[in-house]
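Colleague: Below are the chains, spelled out letter by letter.
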Amino acid sequence: MTKNTVTQENVIEVCHLRKNFGKNEVLKDINFHVKKGEVVCIIGASGSGKSTLLRCINLLETATDGEIFYHGENILKKKMSGAAYRAKLGMVFQQFNLFNNLSVLDNCMVGQTSVLGRKKEDAESIALSYLELVGMKGYIDALPRQLSGGQKQRVAIARALSMEPEALLFDEPTSALDPEMVGEVLKVMKTLARSGLTMLVVTHEMAFARDVSDRVVFMDQGVIVEEDKPENIFFNPKEKRTQEFLRRMLDE
Amino acid sequence: MTGIVLAITADADSGFWQWVAYLWVTYWPMFLRGAGITLLIAITGTLIGSVIGLIIGVIRTIPVGANDSALKRGLLRVINVILSAYIEVFRGTPMMVQAMIIFYGAAFAGVFLNRILAGVLIVSINTGAYMAEIVRGGIISIDKGQFEAAHSIGMTHYKTMKKIILPQVIRNILPATGNEFVINIKDTSVLSVISVSELFFSTRSIAGAHFKFFEAFTITCVVYFILTFTVTRILKLIEKKLEGSDTYTIHGSHTLVETEFKVTEGHRE
Ligand SMILES: Nc1ncnc2c1ncn2[C@@H]1O[C@H](COP(=O)(O)OP(=O)(O)O)[C@@H](O)[C@H]1O
Ligand SMILES: [Mg+2]
Numbered sequence: 000m001t002k003n004t005v006t007q008e009n010v011i012e013v014c015h016l017r018k019n020f021g022k023n024e025v026l027k028d029i030n031f032h033v034k035k036g037e038v039v040c041i042i043g044a045s046g047s048g049k050s051t052l053l054r055c056i057n058l059l060e061t062a063t064d065g066e067i068f069y070h071g072e073n074i075l076k077k078k079m080s081g082a083a084y085r086a087k088l089g090m091v092f093q094q095f096n097l098f099n100n101l102s103v104l105d106n107c108m109v110g111q112t113s114v115l116g117r118k119k120e121d122a123e124s125i126a127l128s129y130l131e132l133v134g135m136k137g138y139i140d141a142l143p144r145q146l147s148g149g150q151k152q153r154v155a156i157a158r159a160l161s162m163e164p165e166a167l168l169f170d171e172p173t174s175a176l177d178p179e180m181v182g183e184v185l186k187v188m189k190t191l192a193r194s195g196l197t198m199l200v201v202t203h204e205m206a207f208a209r210d211v212s213d214r215v216v217f218m219d220q221g222v223i224v225e226e227d228k229p230e231n232i233f234f235n236p237k238e239k240r241t242q243e244f245l246r247r248m249l250d251e
Numbered sequence: 000m001t002g003i004v005l006a007i008t009a010d011a012d013s014g015f016w017q018w019v020a021y022l023w024v025t026y027w028p029m030f031l032r033g034a035g036i037t038l039l040i041a042i043t044g045t046l047i048g049s050v051i052g053l054i055i056g057v058i059r060t061i062p063v064g065a066n067d068s069a070l071k072r073g074l075l076r077v078i079n080v081i082l083s084a085y086i087e088v089f090r091g092t093p094m095m096v097q098a099m100i101i102f103y104g105a106a107f108a109g110v111f112l113n114r115i116l117a118g119v120l121i122v123s124i125n126t127g128a129y130m131a132e133i134v135r136g137g138i139i140s141i142d143k144g145q146f147e148a149a150h151s152i153g154m155t156h157y158k159t160m161k162k163i164i165l166p167q168v169i170r171n172i173l174p175a176t177g178n179e180f181v182i183n184i185k186d187t188s189v190l191s192v193i194s195v196s197e198l199f200f201s202t203r204s205i206a207g208a209h210f211k212f213f214e215a216f217t218i219t220c221v222v223y224f225i226l227t228f229t230v231t232r233i234l235k236l237i238e239k240k241l242e243g244s245d246t247y248t249i250h251g252s253h254t255l256v257e258t259e260f261k262v263t264e265g266h267r268e
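Heads up: the protein sequence lines correspond to chains A and B, in order. Mapping of the first sequence onto numbering that gives the first Met the number 0: residues 0 to 251, in sequence order. Mapping of the second sequence onto numbering that gives the first Met the number 0: residues 0 to 268, in sequence order.
Any given hint could turn out to be false.
Below, computed lysine-lysine pairings styled on DSS-like, alpha-carbon distance capped at 30 Å [claimed, not checked]:
1) A/LYS136 with B/LYS161
2) A/LYS136 with B/LYS143
3) A/LYS136 with A/LYS76
Derived DEER-like restraints, expressed as beta-carbon distance ranges [unchecked claim]:
4) A/HIS203 with B/ARG232: 43 to 53 Å
5) A/ALA175 with B/ILE139: 17 to 27 Å
6) B/ASN79 with A/THR61: 18 to 28 Å
7) B/ILE58 with A/CYS14: 31 to 41 Å
8) B/LYS239 with A/LYS186: 33 to 43 Å
9) A/GLY46 with B/PHE228: 27 to 37 Å
10) B/LEU241 with A/PHE234: 30 to 40 Å
11) A/ARG193 with B/ARG90: 29 to 39 Å
12) A/LYS118 with B/ILE54: 28 to 38 Å
13) B/LEU236 with A/LYS118: 47 to 57 Å
14) A/ALA175 with B/ILE233: 34 to 44 Å
15) A/LYS76 with B/MET99: 50 to 60 Å
If you are wondering where the hints come from, they were derived from the structure by calculation, not from laboratory data. Since the model is a prediction, treat every value here as computed from it, not as a measurement. Each residue gets a CB set at the ideal place from its N, CA and C atoms; glycine is no exception.
Can you build the whole structure from these sequences, using the hints too?
Modeller: Listed below in structure tokens is the structure:
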């Protein structure tokens with residue numbers, strides 16, 4: 000498979016990041032970066048801090064210590080407003096979190112009009128083009144509660160894309176789906192990965208991590224244990240903890 | 000119709016129903032005007048009270064982050080204490096007493112309030128205290144994921160509230176708001192203590208003129224019930240309508256005609 004063109008420019012860089020919940024140290028000295036055009040998958044057992052890392056990166060959680068750079072700018076130093084920064088990073092959640100009060104089309108338009116200040120017509124045509132990309136253009140009038148899990152997640156991806164973000168963060172986008180719907184969402188994500196979008200994906204889909212990513216990060220108990228090209232991680236892992244984790248995952 | 004009804008009279012020998020009929024035929028415009036004023040005060044009081052409740056509910060749920068300035072945190076704390084005091088006091092004292100204190104308190108301060116306006120004011124402030132708690136509960140009950148999704152596309156707290164959260168809250172608290180409205184229709188009767196000419200006050204004047212309290216209040220009881228019953232039905236209809244349609248149209252599908260797709264509730268995982 001052809002890999003994306005990865006530039007040398009860091010979109011996100013995380014330095015010595017720590018996060019405590021009370022006395023519980025959930026992230027311990029995380030150092031990590033994502034380059035423009037890169038697809039990075041984060042794997043690891045449940046509770047190892049993967050979601051917390053993503054949530055710290057887009058400021059849904061406040062880091063206890065450390066630095067986060069966006070294109071070289073330290074975003075924890077409050078030069079840029081939190082909202083303006085978040086608009087540049089899309090997020091796709093495990094539980095979809097579509098806006099329950101809005102139709103599929105409005106879900107994809109509300110951020111464009113109210114945050115980016117786009118005109119309604121422009122926002123609509125942008126929303127439609129991304130809904131078409133995820134195969135949900137026919138459902139613009141539907142409400143979230145009328146959709147299946149896989150459809151909801153595809154709309155959620157279109158909603159994030161409509162903001163035309165610099166990078167898209169995914170937190171276990173297929174974990175809440177019935178097995179028969181996982182494929183339709185992964186297919187969309189593969190298309191995006193090939194298009195050169197910068198993606199940071201927390202996932203338990205080992206085949207996706209292996210085939211689609213440029214780099215795989217293995218996390219365990221709040222630290223990055225190993226990170227490498229997917230072929231190295233999956234066929235030649237250096238660390239014992241990585242080997243054990245992969246054995247457990249691939250046994251299933 | 001008028002030809003027949005005008006013939007009704009009543010005197011000391013007349014029975015209960017005779018008096019009821021007489022009072023209605025003679026005083027129906029007064030009953031209806033009283034009912035009208037009752038409705039007017041209940042509707043405006045509930046609407047203004049709901050707006051007060053929404054504003055207070057939003058203020059009381061502003062999140063305070065660890066990296067907010069000390070000034071913002073201090074200010075919010077002071078505002079929250081004041082708002083809590085307002086809510087506690089107005090929920091913890093009878094509206095009848097509130098009416099007396101506000102109306103005669105204003106008079107004491109040299110402001111003579113129009114009685115109906117005073118009534119609206121009292122019902123609004125009182126309803127606001129109850130609605131503030133209802134709204135707060137409504138906001139808290141919205142899934143955290145809705146806030147996070149809104150924040151993740153760059154919405155500020157204010158935009159998140161306006162575009163995403165409050166529309167859902169308003170829909171969810173509509174039954175409770177309707178309930179407040181029905182309570183207000185009944186509770187405006189306490190405004191008679193400051194001589195607001197709503198339904199209860201009007202009835203007392205009519206009854207007093209003939210010394211027929213049982214008869215007059217029987218009529219009023221029916222009028223109150225018709226008011227609350229009708230309002231309850233209308234609110235039910237509105238709620239149903241706001242729930243929205245269960246169907247949507249799939250556009251431009253592979254079949255030639257647009258297909259109507261029926262999806263029933265409970266289709267969530
Ligand atoms: N809001 C929170 N408050 C307290 N502890 C939390 C919170 N969120 C996560 N944690 C804890 O942090 C650890 C890592 O959680 P998480 O980042 O969700 O892991 P993962 O996504 O890898 O499964 C877990 O032990 C979890 O219990
Ligand atoms: Mg997680």
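Colleague: Indicate, hint by hint, whether the structure satisfies it.
Modeller: Structure-based check of all given hints:
1. A/LYS136 with B/LYS161: 26 Å, holds
2. A/LYS136 with B/LYS143: It holds: about 27 Å lies between the C-alpha atoms, which stays within 30 Å.
3. A/LYS136 with A/LYS76: Violated, at about 40 Å.
4. A/HIS203 with B/ARG232: 43 to 53 Å: 52 Å, holds
5. A/ALA175 with B/ILE139: 17 to 27 Å: Because 23 Å falls inside the window, the suggested range holds.
6. B/ASN79 with A/THR61: 18 to 28 Å: 22 Å, holds
7. B/ILE58 with A/CYS14: 31 to 41 Å: About 37 Å separates the Cβ atoms of B/ILE58 and A/CYS14, which means 31 to 41 Å holds.
8. B/LYS239 with A/LYS186: 33 to 43 Å: 39 Å, holds
9. A/GLY46 with B/PHE228: 27 to 37 Å: 55 Å, violated
10. B/LEU241 with A/PHE234: 30 to 40 Å: Since B/LEU241 and A/PHE234 have Cβ atoms about 57 Å apart, the given range 30 to 40 Å is violated.
11. A/ARG193 with B/ARG90: 29 to 39 Å: 60 Å, violated
12. A/LYS118 with B/ILE54: 28 to 38 Å: Once the Cβ atoms are compared, 31 Å apart, the range 28 to 38 Å for B/ILE54 and A/LYS118 holds.
13. B/LEU236 with A/LYS118: 47 to 57 Å: Distance hint for B/LEU236, A/LYS118 is violated at roughly 37 Å.
14. A/ALA175 with B/ILE233: 34 to 44 Å: For B/ILE233 against A/ALA175, whose Cβ atoms are near 40 Å apart, the range 34 to 44 Å holds.
15. A/LYS76 with B/MET99: 50 to 60 Å: For B/MET99 against A/LYS76, whose Cβ atoms are near 57 Å apart, the range 50 to 60 Å holds.
Consistency note: the structure conflicts with the earlier hints numbered 3, 9, 10, 11, 13.
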